[in-house]
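Chain residues, written in single-letter form:
Number of protein chains: 4
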Amino acid sequence: MATAANSVPYPTLISVDPFIPSEQQKGIHNRWHPDIPPIATVKPGETFKIECVDWTGAQIGNNDNSDDVKDVDLNKVHNLSGPIAVEGAEPGDCLVVDILDVQPFEKMPWGYTGIFELENGGGLFAREFKSRAAKAIWDLKGIYATSRHIPGVRFAGVTHPGLIGTAPSAELLATWNKREQELIDQHPNAIPVVALPPEPKGAYVGQELDDSVREKIYREGARTIPGREHGGNCDIKNLSRGSRCYFPVFIKGANLSVGDLHFSQGDGEMSFCGAIEMAGIITFSTSIIKGGVEKFALKQPIFLPSPVDPMYSQKLVFEGLGVDIHGDGKQYNMDASVAYKQAALNAIAYLMKARKIHPPSLFSSAVANSIARTAREQSYLLLSAAPVESHIGAIVDSPNACVTLGIPTGIFEHDILPNPDGFPKRSFGQCAIRSDGLL
Amino acid sequence: MATAANSVPYPTLISVDPFIPSEQQKGIHNRWHPDIPPIATVKPGETFKIECVDWTGAQIGNNDNSDDVKDVDLNKVHNLSGPIAVEGAEPGDCLVVDILDVQPFEKMPWGYTGIFELENGGGLFAREFKSRAAKAIWDLKGIYATSRHIPGVRFAGVTHPGLIGTAPSAELLATWNKREQELIDQHPNAIPVVALPPEPKGAYVGQELDDSVREKIYREGARTIPGREHGGNCDIKNLSRGSRCYFPVFIKGANLSVGDLHFSQGDGEMSFCGAIEMAGIITFSTSIIKGGVEKFALKQPIFLPSPVDPMYSQKLVFEGLGVDIHGDGKQYNMDASVAYKQAALNAIAYLMKARKIHPPSLFSSAVANSIARTAREQSYLLLSAAPVESHIGAIVDSPNACVTLGIPTGIFEHDILPNPDGFPKRSFGQCAIRSDGLL
Amino acid sequence: MATAANSVPYPTLISVDPFIPSEQQKGIHNRWHPDIPPIATVKPGETFKIECVDWTGAQIGNNDNSDDVKDVDLNKVHNLSGPIAVEGAEPGDCLVVDILDVQPFEKMPWGYTGIFELENGGGLFAREFKSRAAKAIWDLKGIYATSRHIPGVRFAGVTHPGLIGTAPSAELLATWNKREQELIDQHPNAIPVVALPPEPKGAYVGQELDDSVREKIYREGARTIPGREHGGNCDIKNLSRGSRCYFPVFIKGANLSVGDLHFSQGDGEMSFCGAIEMAGIITFSTSIIKGGVEKFALKQPIFLPSPVDPMYSQKLVFEGLGVDIHGDGKQYNMDASVAYKQAALNAIAYLMKARKIHPPSLFSSAVANSIARTAREQSYLLLSAAPVESHIGAIVDSPNACVTLGIPTGIFEHDILPNPDGFPKRSFGQCAIRSDGLL
Amino acid sequence: MATAANSVPYPTLISVDPFIPSEQQKGIHNRWHPDIPPIATVKPGETFKIECVDWTGAQIGNNDNSDDVKDVDLNKVHNLSGPIAVEGAEPGDCLVVDILDVQPFEKMPWGYTGIFELENGGGLFAREFKSRAAKAIWDLKGIYATSRHIPGVRFAGVTHPGLIGTAPSAELLATWNKREQELIDQHPNAIPVVALPPEPKGAYVGQELDDSVREKIYREGARTIPGREHGGNCDIKNLSRGSRCYFPVFIKGANLSVGDLHFSQGDGEMSFCGAIEMAGIITFSTSIIKGGVEKFALKQPIFLPSPVDPMYSQKLVFEGLGVDIHGDGKQYNMDASVAYKQAALNAIAYLMKARKIHPPSLFSSAVANSIARTAREQSYLLLSAAPVESHIGAIVDSPNACVTLGIPTGIFEHDILPNPDGFPKRSFGQCAIRSDGLL
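Chains as they are written, first to last, in full-length UniProt numbering: chain U, 1 to 439; chain W, 1 to 439; chain B, 1 to 439; chain R, 1 to 439.
Please note that the accuracy of each hint is not assured.
[As the list claims (entries may be wrong)] The list that follows gives simulated cross-link-like pairs (lysine-lysine, DSSO-like), each with its CA atoms no further than 27 Å apart:
#1 R/K76 x R/K43
#2 B/K330 x U/K315
#3 B/K315 x W/K107
#4 B/K299 x R/K76
#5 R/K330 x B/K315
#6 R/K330 x B/K330
[Unchecked claim] Here are some chain W residues pointing at chain B (derived, C-beta under 8 Å):
#7 P18
#8 D68
#9 K107
#10 L209
#11 E220
#12 M334
#13 G437
These aren't lab readings, by the way, just hints derived from the structure by calculation. The C-beta atom is built at its ideal place from N, Cα and C for all residues, glycine as well.
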């Protein structure tokens, strides 16, 4: 038949099974190191696909308790697919990467958002909320996500890789490890920890390697939690399918790796495992701009966001300043992180009013009032996962940075605008909590 | 004639002249204090206008040097119009304010953006750039702004009040002054200063007052630089004409004041006097939601942005992390302010490449290379004033916060996208500098 | 004071009073003719203002009956301000016109939308509805419009000139008059008339003219109702403030005229006087592209819409086909006009359900049911004036053209989405009708 | 592993092979008739998938000549997948259909746009252009399409079903056939034909059926070209993935059918086979609103477009009026179809200037100048397939309807805005033409 001729699917360069532990699969690695060899090589201009497990490597299940979140092994993250070498790329070049599509596996049409325990992973409000594990499972229905653990909302995904980057050079890697160790040394007993040093335990490179190379990678390889000069775990929701990204190249071949796919995420990804985490397939093409680092003063990636973005034009916006008005009232000095947190707490407190029957206060005792806590945790999960927008308002009006957080009203199936009569009584169930009932 | 009947203009409750020093005019004040009496009272539902001088009170001129910026008297800012009392508003209520329009005066169709001296006002990069006064004058042509000091760009304004708020209660005022003094005490010799305490010098309330009241206001009145729980100088570009805002009410009548009108601003307003500052006319209507503070958990203002916003859909986005990669390479601990600064420096460095003939590095010596400095200062001014978008990407990936800064490409009359051939040679003049030529 | 120097307002080249009959004012004309001399001349690059009366020349009042609409004198329309000559423009050039702003007069902060009588002006459904005069007065509050005659809606204006064009050459004028007369001759008894021939009665040029010139203009001058090759009365809502337009030039100087300002309009402007008609002030600048007609194959104007447009992203969309399903069921042959009408009737029928208590059918008898008629007329007026979007869906699927009409849901203060329970009972008053009560 | 549990893919209710002739496959039909039994039944709330061949049923190939387009058998179109019955749906109900996703087959990552011969299918300009077969093949790369036959453009798809509808009742079917036959009878010798009557030749229902039933369906079944009251071939580009549609139900079960998937389409789909036609997979869920036809005055489908839509905010807009200025200059009477055609011809003429070396006129002789013809045909194909927007401007300004057609400038890899210097010389290859070279 006419249509069969010349119908050539794009090649899948790395195939994984989202149901198999990542440490049993080829083409996955979970540390950054220049000596990890490319698992495949592409020519500029080729279109190709890469499959990715979820960031934890199949540790979290589609069920109704959060014990898997409580017990997650963070030494094994993030599970990245790659590296992919690009022919002709050399240090000082700019690697242009087109993110052509990001899709979940057909056989795994769901994702999850988690609140991690204070002592195991934490999250933006781990200390304030004394966080216990909680979770929401999301059903991915075409372009939309809904959750039985957060009823009453439905939204279109802004699907993207949370983590994508080129490989560091040996020098750059050394710089990372040095500066982060200095920070760790300054905060020796912090909970949650301020940064993670290289750690052979849990390290993995799914390729044949000489033992000495493997040992070196495991010993020196940078951890994947923070974003860095090469990109990495930037968790930028607008780096979504359709984006064009410009990466600096640090080693021959560029060695691109990707993982931590997100069906959706809010600006800030506040609960840490705050996106809708998923396994899936990403489609790429690449090109090279010779000498791009110098041409564009390229110290970090730059990108053109996708022309396709959910248009939830109406937003309810919360302000936050660099004063801990939800806590001890302390005045900070031009601190946008504190300001973001205040805006988020204002939004959570509002949602608890808008979506719950007489919820008590934001920092209620866990024992006294589990209804309030689950209302709060639902709101925390929702603001992490939904396409909320957080802007730096002003960062020059000493001593207060001003940060805003805008919730798109179109994601709710009910009206959440300020109502002169207050909000009607509603009940929205609860998110998944620990099987021991601890909150 | 048919049209004349029932044609009733909206009343102007406060009239000012943008050409007369603010301290000679009625209805202006420049400190926050509950004892400043309302200059006018409105009923809920009325539409009315308020005129405002520019934030400095006519200190900056439409000319081609920056001496006025260098010598600006910051004890006299911000010059606010108000307060306006709203009948029936009581503490604990929510004051709903519709910002129906914001327009420049017909007789003053221009505004300005300034870089303040390191020692007098500063700005986000005052220390890094060792800032000397610089300025751009913008011609306001209908919905657009252009500048002879920054050729090659034209953009639609997202016109808004930089500063709007209800009056604090005596208790709230005391809280502000206490917490800010504690911060000042912790940084006794900071340049620029970290915060400003109450200061009678330059204080002004343009009303008849008993001496004792005036003296009390001047002695206790909070300074206007930072935003606070009542709103204030939040400098949020999306609080633009068409927005609906929900303010907490702290005293009887609410006592709304407004000023610091901006024709346009970028997220962050990085150069401090970074918006297109203008004098003008704002149109309001109000309503009251009784008990709104409790109903909506309203610790700070919330708002619905205008449905009208410039649609520059394509943006070139720069990433920034909490590492001072443009400076000493220091690793910060989850610091979104540092991340914003890095994103901004990446953007400035890029614009210097895209818009200048062989510009040298970002922190070049002022003596050695004034061309580079004016290119940098133009970019700094432009990113402050144009509708750039800065999002919190992720704020949970320890130790690095990730902040993005997106420049709308549609504001340029030439192509600024990354070009495989690098950028063609261009010249874009220079911004206004000091008459003594110091840079 | 610093701000006073160099503060130069943009010049107003034509000043009118919206409360004085247009035929008593200078700089107004209501016919198209190459011999109307320019009232003013500008250089390319200048920014200037033009004041305009409303299209009827002050015939319609801010009151609660529609008698003025019933009796409107259509020989006196449209009242245009101009012509403005542009130095250097010659036939074959392209005149670039920047519409920098469009504002109502401060002293006349209202506009109107009218349904004209079947026998005097008509409208899209004049015959189907056997239209009697009706009207809605809109209060213009900053960027928003609301109407006491159509409660429950509020929307941001997409403010634009309904009518703007360059002067025709003598040859082009002759072509217009010839082809339109042929159409008139083919439909000798049509009600409403299919086109209007030149008509000295009511013709007006507000300038000193030789009698012979005036007589010639009045005798030959093309009527202003239809848009033509030079622009004219195109009533395109997206030609709004911020647009850049490219007009063909037919005579030396180009001779630009403008009028019929609209605060808002829906695609189609279905009730004929369907926009929110207003008097006001338009701000322009111009430039010339030599030989642009040839360079751009410019047979009619082209334009770049404003980057500023109300973002009512959610729309409820109605389909219409080229079959008169609301009438006699006739099948038309690829007729997009019929399809638009069906989509509009579907939308009107829906709004009557969504906004009224048990409304009867669309074409009810006027005598039997005035409630239904006023509900229908309110919907007709609303869809004419609000920023509804009408797209050509497909125009190749013989025999049915498909046209859609989308109502932005964000303009309503109540939910109008399809509700499984049907719509709650509501009452929305009525629009202004004739003082004799006839419907 | 944790992720494997409860991972349930959505069921595919109709599976097809896009490489096998449609008349050899199950679950496909190409006529509308109430007696076609449902091939599957769903419950409200279920999520399910339907696979579809391309509209021609695999007649068009991925190659570089247009002979397959020339010889296409239009008796065999459109090949629809279905019907799907929904439990509980009854006449008078409203069937709510969520279009959750539309994707091409992984094994067939391409689509096509065709210009049909004047005598076999035609298209909007079949007569004006004396159309010969031409075609463009598009590579579907994630969210983007590019074509080797139309170089220099790349755009994001607004992917949708061109054809979707519920089954007609016997009465409704009879109405259709009657009214369309009357039109055919009025235009007995039209080329292209004005409408197609029922035609057993080529008719197909891919199910076991009694001969009498099959014969009745083939004899009476309505052809699929036009959209009608049930939806059908409306070819509305914004009925894209993420849309929610409300269909009237005419028979028990509603019997939904779908096909003619489009990766992208411009408003109007002007070349008839004007979308990017593809085979693929559509994901649905449904619900029922009892009595919805009465509740919502539902004579035809209404819908809520997807929140996800390509944001090409800058558009270059062409005007068109109801005068044949590209042809004989005839004045039409309020004819939006003519106006659309003029806007389209203006746009095509412009693109020929912007994208070609000295192209001759729009209606050049085919023999004399094949370069001009292929430039014209490329533009015609591009405007059919890309996300152009066509609005009804005004449809009340007798005698001229005004229609606009806006081309998103962001789809071009080169600048197409009006350039004072005219356009630089470029060459963009050519589209696929007939192997005999006839143009």
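Status of the hints after comparison with the structure:
Annotation: proposed proximity of R/K76 to R/K43 is violated, straight-line Cα distance about 31 Å (limit 27 Å). Restraint check: the Cα-Cα separation between B/K330 and U/K315 comes to about 45 Å, which exceeds 27 Å; the hinted pair is violated. Taken as a hint, the B/K315 and W/K107 pair is broken in the structure, with Cα atoms around 40 Å apart against an allowance of 27 Å. Restraint check for B/K299 and R/K76: the C-alpha separation of about 41 Å exceeds 27 Å, so the hint is violated.
Between R/K330 and B/K315 the alpha-carbon distance is near 37 Å, which puts this suggested pair outside the 27 Å criterion. Distance check on the hinted pair: R/K330 and B/K330 sit about 26 Å apart at the alpha-carbon level, within 27 Å; holds. Here the hint on W/P18 is kept, as its CB sits about 6 Å from the closest CB of chain B, short of 8 Å. Taken as an interface hint, W/D68 checks out: its beta carbon lies about 6 Å from the nearest beta carbon of chain B, inside 8 Å.
Checking W/K107 against chain B: minimum C-beta separation of about 5 Å stays under 8 Å; hint holds. Contact between W/L209 and chain B, as hinted, is not supported at the beta carbon level, the nearest pair being about 25 Å apart and thus beyond 8 Å. Hint status for W/E220: violated, given a least beta-carbon distance of 30 Å to chain B, over 8 Å. Annotation: W/M334 was flagged as interfacial toward chain B, and the flag is violated, the nearest CB pair being 34 Å apart, outside 8 Å.
Hint status for W/G437: violated, given a least beta-carbon distance of 21 Å to chain B, over 8 Å.
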